[in-house]
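All chains should be built: construct the whole structure from the sequences, respecting the hints.
There are 4 protein chains.
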Amino acid sequence: MNHSPAHLETVVREIAAEMAVRTDRGKVASYIPELANVDIDAFGIAVIDTDGNVVTGGDSDVQFSIQSISKVFTLTIALGMVGDHLWQHVGREPSGSPFNSIVQLEREEGVPRNPFINAGAIAVTDVILSGHEPRVALGEILRFMRFLAQDQSIKIDEKVAASEQRTGFRNAALANYMKSFSVLQNPVEYTLGVYFHHCAIAMSCRQLAMAARFLANKGRDPSTGFQVVQAERARRINAIMLTCGHYDGSGEFAYRVGLPGKSGVGGGILAIAPGKASIAVWSPGLDDSGNSHLGRIALETLAKRMGWSIFGA
Amino acid sequence: MNHSPAHLETVVREIAAEMAVRTDRGKVASYIPELANVDIDAFGIAVIDTDGNVVTGGDSDVQFSIQSISKVFTLTIALGMVGDHLWQHVGREPSGSPFNSIVQLEREEGVPRNPFINAGAIAVTDVILSGHEPRVALGEILRFMRFLAQDQSIKIDEKVAASEQRTGFRNAALANYMKSFSVLQNPVEYTLGVYFHHCAIAMSCRQLAMAARFLANKGRDPSTGFQVVQAERARRINAIMLTCGHYDGSGEFAYRVGLPGKSGVGGGILAIAPGKASIAVWSPGLDDSGNSHLGRIALETLAKRMGWSIFGA
Amino acid sequence: MNHSPAHLETVVREIAAEMAVRTDRGKVASYIPELANVDIDAFGIAVIDTDGNVVTGGDSDVQFSIQSISKVFTLTIALGMVGDHLWQHVGREPSGSPFNSIVQLEREEGVPRNPFINAGAIAVTDVILSGHEPRVALGEILRFMRFLAQDQSIKIDEKVAASEQRTGFRNAALANYMKSFSVLQNPVEYTLGVYFHHCAIAMSCRQLAMAARFLANKGRDPSTGFQVVQAERARRINAIMLTCGHYDGSGEFAYRVGLPGKSGVGGGILAIAPGKASIAVWSPGLDDSGNSHLGRIALETLAKRMGWSIFGA
Amino acid sequence: MNHSPAHLETVVREIAAEMAVRTDRGKVASYIPELANVDIDAFGIAVIDTDGNVVTGGDSDVQFSIQSISKVFTLTIALGMVGDHLWQHVGREPSGSPFNSIVQLEREEGVPRNPFINAGAIAVTDVILSGHEPRVALGEILRFMRFLAQDQSIKIDEKVAASEQRTGFRNAALANYMKSFSVLQNPVEYTLGVYFHHCAIAMSCRQLAMAARFLANKGRDPSTGFQVVQAERARRINAIMLTCGHYDGSGEFAYRVGLPGKSGVGGGILAIAPGKASIAVWSPGLDDSGNSHLGRIALETLAKRMGWSIFGA
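Chains as they are written, first to last, in our numbering: chain A, 380 to 692; chain B, 380 to 692; chain C, 380 to 692; chain D, 380 to 692.
Do not rely on the hints blindly, as some may be mistaken.
To be verified - Simulated coverage check for chain A against chain B, where a stretch passes if three residues somewhere in it have a Cβ under 8 Å from a Cβ of chain B:
1) 554-568
2) 618-627
What the hints assert, rightly or not - To list a few chain B residues with every Cβ distance to chain A over 12 Å, as calculated:
3) S383
4) A395
5) E397
6) D420
7) V441
8) G475
9) F523
10) S532
11) S561
12) L594
13) N596
14) F605
15) T622
16) D627
Because the hints were derived from the structure by calculation, they are not lab data.
All C-beta atoms in this analysis are idealised placements derived from N, C-alpha and C, irrespective of residue type, glycine included.
Set out below in structure tokens:
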């Protein structure tokens, strides 16, 4: 396989061109008006290899709502705060259920299966909150994102956050349900408030790929050398992304793309080629499992042409 | 990382020694007498790298009942026979349920979630059977195993097969249930007969590691150069092993070991380090999820010391 | 309310006439050919009050497959054999699920919720079998039906029985599943054989109403004075019919009709007006819950016009 | 059977005496402190026959938290307001699940199975609220209870209401979940507020039995002749009490007692002998299904000695 930056550039250019002309684009999430207004024709991609080469295509600098992709970073923060104690609040098995299922919670007495389904991410947010004011926790999350992406301009889209807060009855059900099992420690509305806000962070593909470089590089930021997390922890976060990163489409993503990844209903997908690159794609149309349709296809193509699948060249 | 055969030999020797003295050995499967009689102190390991180096430790030549590990090979055969049509009979998502759950089948109208839970493996077996006599299908499976392992002595332990057939009511429930949805085409007792027999194949770690080399080597047998399956298919089988290979402990295995693997209640685990090695371990004591306790620990240690995790060095 | 035989005769005549002209007749069960061939226009009714007056209308002497109505009588036999020990094998709570659901069995470790869902009736049949040959148990069931109905001509429709046996994969799944939890004691195929055969008993409305008189009359056959079961047991069987007699439509039946009843997919419904009458209706078209559409309406009309609802005049 | 008031008086006296000396008293509900503080030795009974005879025993004038018994009256109010349209918001089938299960809600898209499980009662409360201020709806409920019981002193125990509101996370989960399916129309906190408050109404056995006379008497208050609901509606409310009144112990209650009834975790049970009497019992110790242990036994004894089972004398 050809791993040269020039080859990568060619491949990314091809993908951006191919995606631009496809007519199958999925369906934009409609459950909150702010997400529904996004242009279905948008497509962006950014790849940053471990040598620091940045290769982009399409709308790679347009900001979108990262939604569930934020869960990768809140997981990282919570692990940093409480280490393996986190696993008393949330499991790490794939769920075999849609992202907002409450059935599993009843069977397992309020402990969510993994940190990437909604219930699990709410439990992780509750750990980060840990008695502080919501705005303090939120400030910390935002600071971490800006630090990783080396970009102080990243911020929360307050309209999206407010919109989710107004309509997030399913998430309120999940949170209250966990609270009834004492899985959550903070007031439900505090935890939900922080959760809705970190899901409403707006970032571009370039910013996202920047922020996740440590996961492709043994836990270290390759530009500064700063060790964000230990190498083992980076591997383990990647493992959870692989098995649980796409709700009930996680098996399908592993099967087709072969990279750890995390999708959001805003149409973004973050993917990691361990030892090789951090990747972000964005296309707002979703497939039936709620994952970006073209985003997944773009990543599948990229992994194949670069020989980056973790399951064999 | 040091990938030299000498280093591998050192690591395997260390692991065999460490496992020999551990007192936490799990619990031997008791549901059929033939499995319960196995020596809890047994431990074997065999690693075959893509250059053909064979490194073994412990009871690497003792044969054990491969049980569910056979599902990797029946999946390979069925994909060879009907290609992607297979996915009309079985899904490829992790199940989020114990290996023999029937609940999921009701929700999804008789279509099992993946080829590695019992229901899914029975559906795959039914595809292989495809109207033939059970002994014909069984002969084909056995021939395939012998060919891959380059060992004509591999055979079925008839006592184990008979024992499972007598007590396999849960599997009979699964099979009849799928039949009620027309997911199975052959007579239930034929399909179950073949299923119980291929689970009763007896192999050693060395034989298993030999048989699975193609999965570590882009679908090709590295010694003969024979292309068993296309490279993409090998990657995809690895992906399913990673997400679904350990029932309700698949997330845990990915998190700790970081290699595609498939366990059996006989205490064996087959694991693949793509591009690097085919690995088989065996220790009959199981953990709560029904996976070999020491086998998992041995693989975790091996992956760590060799830097073989697919989620980053 | 007017309880005179003359009034009853008028009401039954009216109902038969009204049902004859209705065009909403439900759908005949199609899962076995023998049931599908029945005339959708058929309608029969027979009412026998506790004074022994027999009032009939329509096709009251045409025999039909009683199917699940047989479960009332097998429950009676099993309670006679083992008394309250029966409740170790089966519960007596409504299921909140379709008649052939297997999910509940997983949650409650193989013990069916009540004797009137398929799994429960299979468990009851297994108790009756209790180590005997299937034909012995079947002979006993048939003898009991003939004795109660005072009619030696009642017999099993062998074509229906054979047809169910061939296609009864869902029931085979339920039986094997219970067997895996040791809830069944006899060979699965024996228990299923007896179950399929007693469901295939053919009876007319008149015969059915005759057979169930003891349930309306404190456990006693009003014509012979023979005490079939103790009064308390008759009350309790009626209670189970009320709460569980119509699968997932039991609440609806209680709400609309207000009488203990048991339906069968052959289109028959047996109902009891305690202290007043034994009632059988038959119309082969079923509603969405699998209960006779016109049968339910006829019973609702009868209960209202006679003031027989157990929930108040 | 002897239905004379003198006989009834003897039976009630016997029951009160027998219950006073029993040592098996169940366990007082502990989930809110206000309920946990009740005296486990309390026992009360009040029976009011359709002729207006009032027979009481034990602590029949001590007020207790009626909790879920209030659901009978809110169902009556809601049916009065919207008639059969109510059944678009809630079903009328037994649930086969604990009183606070959320699993069933997921399967049936937010529509609760019946008005007597928590979710169903919350949906009924939402219908009563119908855009009004919570205190208006609550005033109406309270006025209805006082009118039926002919007692203006009945009121809400504000400490109990506040306590439930603080700890009612499970109910908040159910309400938010239904809201996410648009099954609830009002703000979640309004509906929950009214729900928690009507569950916190405090009444004595005598007051409760008074309030429910219309259900035993064709919908009419026997003392004033006022038609509270049509006779058919009274029958139907009784039917729902029979099939759904005791959560996952409804079948058991029908089997043992044979009367429509509704229990509350405060230890009260309201029961109806149609055409005969309105009955209330109270003993705070609960059985495993959450129903009053001695209350159930007292009712079973009463029904047997008076010959009041609706399933036959």
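Verification of the supplied hints:
1. 554-568: Check failed, 0 qualifying residues.
2. 618-627: holds (count 6)
3. S383: holds, 19 Å
4. A395: For A395 of chain B, whose nearest Cβ neighbour in chain A is about 23 Å away, the distance exceeds 12 Å, so it holds.
5. E397: Consistent with the label, E397 of chain B stays out of reach of chain A, its closest Cβ about 19 Å off (over 12 Å).
6. D420: holds, 30 Å
7. V441: V441 of chain B clear of chain A: closest Cβ-Cβ about 30 Å, beyond 12 Å.
8. G475: violated, 3 Å
9. F523: holds, 20 Å
10. S532: S532 of chain B is indeed farther than 12 Å from all Cβ atoms of chain A, at 29 Å.
11. S561: holds, 23 Å
12. L594: Non-interface label fails for L594 of chain B: nearest chain A Cβ at 8 Å, not farther than 12 Å.
13. N596: violated, 8 Å
14. F605: Holds, because the least Cβ-Cβ distance between F605 of chain B and chain A comes to about 17 Å, which exceeds 12 Å.
15. T622: violated, 5 Å
16. D627: violated, 6 Å
In this structure, the hints that do not hold are numbers 1, 8, 12, 13, 15 and 16, in rising order.
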